[in-house]
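Residue numbers for the sequence shown, in the UniProt record's numbering: 1 to 168.
Just to be clear, a hint being listed does not mean it is correct.
Restraint ranges, calculated between C-beta atoms of paired labels, are given here [what the hints assert, rightly or not]:
1. Arg-11 - Phe-41: 29 to 37 Å
2. Glu-162 - Phe-25: 55 to 63 Å
3. Phe-41 - Asn-70: 54 to 62 Å
4. Thr-33 - Asn-103: 46 to 54 Å
5. Met-1 - Leu-53: 32 to 40 Å
6. Ala-36 - Leu-106: 43 to 51 Å
7. His-123 - Leu-59: 15 to 23 Å
8. Pro-104 - Ala-26: 35 to 43 Å
9. His-149 - Ala-23: 34 to 42 Å
10. Gly-80 - Arg-11: 17 to 25 Å
Hints in this document: simulated from the structure, not taken from any laboratory. From the three backbone atoms N, C-alpha and C, an ideal C-beta is built for every residue, glycine too.
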Amino acid sequence: MELHRTGGGDRKLALVGIVYGLASFAAGGVFATLGAWLVAFIVWVPGAFFFALGVIVLLGSMRPFRIALNETGLVVQSEGHRFAGPWSQVDGIHIEQTTPTGNPPLSRSLLVLWVADGVPMRHAPSFPPQTHGRKGHVIAELDNIHETHNQIVEILRRYAGERFRSLR
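Input sequences plus hints: build the corresponding full structure.
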């Protein structure tokens, strides 16, 4: 079973930024040929900003994402993390709720992976220590996954068994 990333809206937003940036460059070029260099510059600056922002968002939405679970193990390719192994290499996979922050206070639901001692991971763990006394690897934010919270819980209970815990 695979979990799927949402994000079609990110690509649409990125394309809007890129198109706006290209249109601004063209409009600024028209003003520059007419001799209105100040107006051309005023049009080019936000155009360059939105073009660059669009490219960054587009590249970010194309990052690899794969979380696949079955009876034998887990495959993760998300948020820079890479893991592929049997369940014996997983100490825990939890849905964790962050402390509410901001105004209004918002919390996030995170999918956190704890691998067994000695299992190599590409990045250092960043989630605060929990039951295992070690930091965990945040592999996904549930708001960015297409499946509902209940579907994710059902999938993890089925395949991860006693390694799974949900704090929600």
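Hint by hint, where does the structure go against what was stated? Just the numbers, ascending. none
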